[in-house]
Amino acid sequence: MATTTDAPDDAPAIGSRGLPLAFRGALWAGIGFLAGALLTMAIRSLIGLSAMSLEPVVVVGYVFSLLAWFLGVGAWETWGKGWLGRPTVAYSPSGWRRYFGFNMDHKVIGIQYAVFFILLFLIAGLMAMFMRAELIETGRTIFGPASYNRVMSLHGIIMVLVAVTAVSGAFGNYIMPLQIGAKDMAFPRLNALSFWFWPPVAALLIGSQFVGGWDTGWTGYVPLAEVNRPGQLFYALAFITAGLSSIVAAVNFVTTAVKMRAPGLTWNRLPIFTWSILFTAILSLIFTQAIAVALSMTIFDRVAGGAFFDPVLGGIPVLYQHIFWFYSHPAVYVMVLPSLGAMLEILPPFTRKPLFGYKWAVGGIIGISVLSAVVWAHHMYTVNADSVSNIGFMFTTEAISVPTGLIFLAAVGTLWRGRLWLKTPMLFALAVIFNFLIGGVTGVFLSDVPADVQLQDTFWVVAHFHYTIVGAGIFGLFASIYYWFPKMTGRLLNERLGKIHFWIMFLGFNLTFLPMFWLGLNGMNRRVADYQPNLESVNRFVSLAGFFLGISFIFFVWNAIVSWRNGEPAGDNPWGARTLEWMTTSPPPELNFDGEPEVIGDPYGFGSEQPAHATVTGGNGGTA
Amino acid sequence: MTAQAHVPENYREIQRYGLWMFIISEAFLFAILIAIRFIFTGLERPEALSIPLGLVLTAILLSSSYTLHRGEKAAAAGDQVGLRAGLVLTIGLGILFLVIVGVEWSAGFEEFPTSTPYGSIFFLITGAHALHLISGLLVLASLYLQSKAGALDESTEWKIEAGAKYWHFVDVIWLTVFTTLYIL
Numbered sequence: 040m041a042t043t044t045d046a047p048d049d050a051p052a053i054g055s056r057g058l059p060l061a062f063r064g065a066l067w068a069g070i071g072f073l074a075g076a077l078l079t080m081a082i083r084s085l086i087g088l089s090a091m092s093l094e095p096v097v098v099v100g101y102v103f104s105l106l107a108w109f110l111g112v113g114a115w116e117t118w119g120k121g122w123l124g125r126p127t128v129a130y131s132p133s134g135w136r137r138y139f140g141f142n143m144d145h146k147v148i149g150i151q152y153a154v155f156f157i158l159l160f161l162i163a164g165l166m167a168m169f170m171r172a173e174l175i176e177t178g179r180t181i182f183g184p185a186s187y188n189r190v191m192s193l194h195g196i197i198m199v200l201v202a203v204t205a206v207s208g209a210f211g212n213y214i215m216p217l218q219i220g221a222k223d224m225a226f227p228r229l230n231a232l233s234f235w236f237w238p239p240v241a242a243l244l245i246g247s248q249f250v251g252g253w254d255t256g257w258t259g260y261v262p263l264a265e266v267n268r269p270g271q272l273f274y275a276l277a278f279i280t281a282g283l284s285s286i287v288a289a290v291n292f293v294t295t296a297v298k299m300r301a302p303g304l305t306w307n308r309l310p311i312f313t314w315s316i317l318f319t320a321i322l323s324l325i326f327t328q329a330i331a332v333a334l335s336m337t338i339f340d341r342v343a344g345g346a347f348f349d350p351v352l353g354g355i356p357v358l359y360q361h362i363f364w365f366y367s368h369p370a371v372y373v374m375v376l377p378s379l380g381a382m383l384e385i386l387p388p389f390t391r392k393p394l395f396g397y398k399w400a401v402g403g404i405i406g407i408s409v410l411s412a413v414v415w416a417h418h419m420y421t422v423n424a425d426s427v428s429n430i431g432f433m434f435t436t437e438a439i440s441v442p443t444g445l446i447f448l449a450a451v452g453t454l455w456r457g458r459l460w461l462k463t464p465m466l467f468a469l470a471v472i473f474n475f476l477i478g479g480v481t482g483v484f485l486s487d488v489p490a491d492v493q494l495q496d497t498f499w500v501v502a503h504f505h506y507t508i509v510g511a512g513i514f515g516l517f518a519s520i521y522y523w524f525p526k527m528t529g530r531l532l533n534e535r536l537g538k539i540h541f542w543i544m545f546l547g548f549n550l551t552f553l554p555m556f557w558l559g560l561n562g563m564n565r566r567v568a569d570y571q572p573n574l575e576s577v578n579r580f581v582s583l584a585g586f587f588l589g590i591s592f593i594f595f596v597w598n599a600i601v602s603w604r605n606g607e608p609a610g611d612n613p614w615g616a617r618t619l620e621w622m623t624t625s626p627p628p629e630l631n632f633d634g635e636p637e638v639i640g641d642p643y644g645f646g647s648e649q650p651a652h653a654t655v656t657g658g659n660g661g662t663a
Numbered sequence: 071m072t073a074q075a076h077v078p079e080n081y082r083e084i085q086r087y088g089l090w091m092f093i094i095s096e097a098f099l100f101a102i103l104i105a106i107r108f109i110f111t112g113l114e115r116p117e118a119l120s121i122p123l124g125l126v127l128t129a130i131l132l133s134s135s136y137t138l139h140r141g142e143k144a145a146a147a148g149d150q151v152g153l154r155a156g157l158v159l160t161i162g163l164g165i166l167f168l169v170i171v172g173v174e175w176s177a178g179f180e181e182f183p184t185s186t187p188y189g190s191i192f193f194l195i196t197g198a199h200a201l202h203l204i205s206g207l208l209v210l211a212s213l214y215l216q217s218k219a220g221a222l223d224e225s226t227e228w229k230i231e232a233g234a235k236y237w238h239f240v241d242v243i244w245l246t247v248f249t250t251l252y253i254l
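The listed protein sequences derive, respectively, from chains A and B.
Positions in the first sequence are counted from 1; adding 39 to them yields the working numbering.
Positions in the second sequence are counted from 1; adding 70 to them yields the working numbering.
This is chain A alone, in the form it adopts within the complex:
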């Protein structure tokens, strides 16, 4: 786990010419799959089972191909050779090639995550457009009920993975080490590993469609998940792989945030975004194991004839939901905490005021993280016959509004009497507050058992979680992009295109999802390709608003491409912020700072006589 190679500087580097290493990784993965598949067939025929059984072959083949993929993409030369006692080789190509191999620089990995997850977001967003096309009128429109649920499931799982990973993967990696004055993450190799888990996840999810797909939604509930087509197995393998990536990344984030802070960066000077990444990582570290268990049990039942979720054999199907939500409710906070942290990070420089109630906001983040462990069964009110435990979960769920309220308190207190500088990142941060308020308040109805029994599995739920996860999580992702893009590329995003993107996205989002509350109250079910005729006019409006929302991302992609190439140079600190990432060049040099950073004051001490947050001494840098 050492950070560096033992190779001398003149050792041959890999990946500097020819095809990028990712192609070799794909080739090795294919060979690995064949090796694993043939091995399984051989063992199965040796012990007298039928050799040609798809699912066991796929499971073992996939494990082999995953290992071969890592080695092929560059882990062999940079890491694996060391396991045999041979010298390792550096991976240090320049230009675009550095993004297509086992690169260990946290700044490269941050950009890999950002681009990869924006692509996934756009693909899954397109699926949502198709779903809205199906729902534009009653009856069959473009693909009918079976395909609708397949597309819905794929949209769901990809968007969940985007929401869980995008902000912490991209900005946790790129910005957090800069904010704490570190030269890199604690474990650069694990960091590269955590990113390269993702292409196999995407390949599995796309591949699942070639073996019949699956239609359980992103939750993969049993018993349907046990009798479904083999696509369901691909879903389970993909989700477990994503979980492994989360765990590896979480070890790295926690260690980095706790152990690698610059001198003087005490806990009550730690930037709020870093706080949110730290607690996100702690949640991932603990709870992701539960999803691995739940899905392993499903795979065990499918592949090895297990009894876990088959009531005929003495299994307990409801147990799946308990284990699943034991991970997946904390995962909801893994989705929104980094975005809320980014929102609180963005408010002070754009109001030129200190962050209001900093310690209360940190307490809010910690409180949400702790309570998230004890609310999972509120997803199961209509499953639990036992009304006593429902009351307990109702209480803990409603208690979450207290620490959430602390975060709102910090946000609104910072805005209070501020002179708002309405640049695009600030507009997105304000939208996070607005949307998350609606998402939070409508969640209170769902946390209430009698109301939830009526609203369960209606479009009210769809509207509610889109308001929290898109309204806060994804708007927070775009706030982060507009805020930190200048640091990552050295160029500002175009302000006019940014504002067009913001207003179309903000209006489109609210016009799409507000009417869904009404649809849910009027009995429109989720995960069904059709609805009652009296809901048609509102559905048509929602679909058109959804297409309008979809258009906004054309402006974003156009803006990102044009500005990355020819945008206005950003300088070190375009927003006049005080935290450490703005005290180095844009983009930062290889070791992040031109000198040794030392923290001497409050990160958000705007408008007061306080000293700067930090100094960088020893290089050419000065005090910002």
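No lab work stands behind these hints, which were simulated from the structure alone.
Just so it is clear, CB atoms sit at the ideal spot from N, CA and C, and this is done for glycine as well.
Check the hints yourself; a few may be wrong.
[Claimed, not checked] As a list, the in silico BS3-like pairs of lysine-lysine whose alpha-carbon atoms are at most 30 Å apart:
id, chain 1, residue 1, chain 2, residue 2
1, A, LYS298, B, LYS235
2, B, LYS143, A, LYS120
3, A, LYS120, B, LYS218
4, B, LYS143, B, LYS218
5, A, LYS298, A, LYS120
6, A, LYS298, B, LYS143
[What the hints assert, rightly or not] The following label-pair restraints were derived from C-beta to C-beta distances:
id, chain 1, residue 1, chain 2, residue 2, range
7, A, ARG56, B, THR246, 49 to 55 Å
8, B, PRO78, A, SER89, 52 to 58 Å
9, B, GLU117, A, GLY344, 18 to 24 Å
10, B, PHE179, A, ILE590, 56 to 62 Å
11, B, TRP175, A, THR177, 52 to 58 Å
[Claimed, not checked] Covered, in the sense of this in silico footprint (three residues per stretch, anywhere, with C-beta under 8 Å from a C-beta of chain B), are these stretches of chain A:
id, segment
12, 115-125
13, 279-293
14, 322-330
15, 339-348
Since chain A is already given, all that's left is putting chain B on it; use the hints.
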């Protein structure tokens, strides 16, 4: 990336902290699995499960921790041959453990197949433990190869410490698995 340019002074402490974070996460995996065992089958377990065999397995793993500890001590004293002897003994005991688990599994498939609740949880938990043990064996084999190639010295003693800590962790997990599957 330039070699050794940005390794912090307290890097050993950072590595140790990271390893503990990983071990905590893995401990949650087994905690959840063990909780499921009790939800599933309460305190019942099949008669066919052989406690003496389980005790033999436990004894093998405990001795393997001891041999690895001796190897680690030898390495700390600069004795690479002693380290390799400890590694070979530990790997041998680990393989013996897997063989006996294999024997037990083939008997288990008859007595409590995967299609029974106890069989499901038994094979899932012991399978998860065996996978961890196999990855531990790969780490130890890698340490052996590195020692043989002369790639281990005082500056890389962390690799031995990490491998040993992980192996001891897999041992401790076996003790909890043994207690919950065989005794309770």
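Quick rundown of the hints versus the structure:
1. With a C-alpha separation of about 20 Å, the suggested pair LYS298(A) and LYS235(B) falls inside the 30 Å cut-off, and the hint holds.
2. Note on LYS143(B) and LYS120(A): the hinted pairing holds, with a Cα-Cα distance of about 26 Å set against a maximum of 30 Å.
3. For the proposed pair LYS120(A) and LYS218(B), the alpha carbon gap of about 14 Å is at most 30 Å, so the pair holds.
4. Distance check on the hinted pair: LYS143(B) and LYS218(B) sit about 17 Å apart at the alpha-carbon level, within 30 Å; holds.
5. Between the alpha carbons of LYS298(A) and LYS120(A) the distance comes to roughly 28 Å, so the proposed pair stays at or under 30 Å and holds.
6. This hinted pair checks out: LYS298(A) and LYS143(B) have alpha carbons roughly 28 Å apart, not beyond 30 Å.
7. The hinted range of 49 to 55 Å is satisfied by ARG56(A) and THR246(B), whose Cβ atoms lie roughly 52 Å apart.
8. For the pair PRO78(B) and SER89(A), the supplied restraint of 52 to 58 Å holds, since their beta-carbon distance comes to about 55 Å.
9. As the Cβ distance of GLU117(B) to GLY344(A) is approximately 22 Å, the hint placing it in 18 to 24 Å holds.
10. One distance hint, 56 to 62 Å for the beta-carbon pair PHE179(B) and ILE590(A), holds here, with the actual separation near 58 Å.
11. The beta-carbon spacing between TRP175(B) and THR177(A), approximately 55 Å, falls within the hinted interval of 52 to 58 Å.
12. Beta-carbon proximity to chain B at under 8 Å applies to 5 residues in the segment 115-125 of chain A; the threshold of 3 is reached and the given coverage holds.
13. Note: the segment 279-293 of chain A has 5 residues with beta-carbon separation from chain B under 8 Å; the three-residue rule is met and the coverage holds.
14. Judged by the Cβ-Cβ criterion of 8 Å, the segment 322-330 of chain A is covered by chain B as claimed, because 6 of its residues qualify and three suffice.
15. Check result for the segment 339-348 of chain A against chain B: holds, 7 residues qualifying (beta carbon to beta carbon below 8 Å, three or more required).
Every hint from the earlier list agrees with this structure, and none is contradicted.
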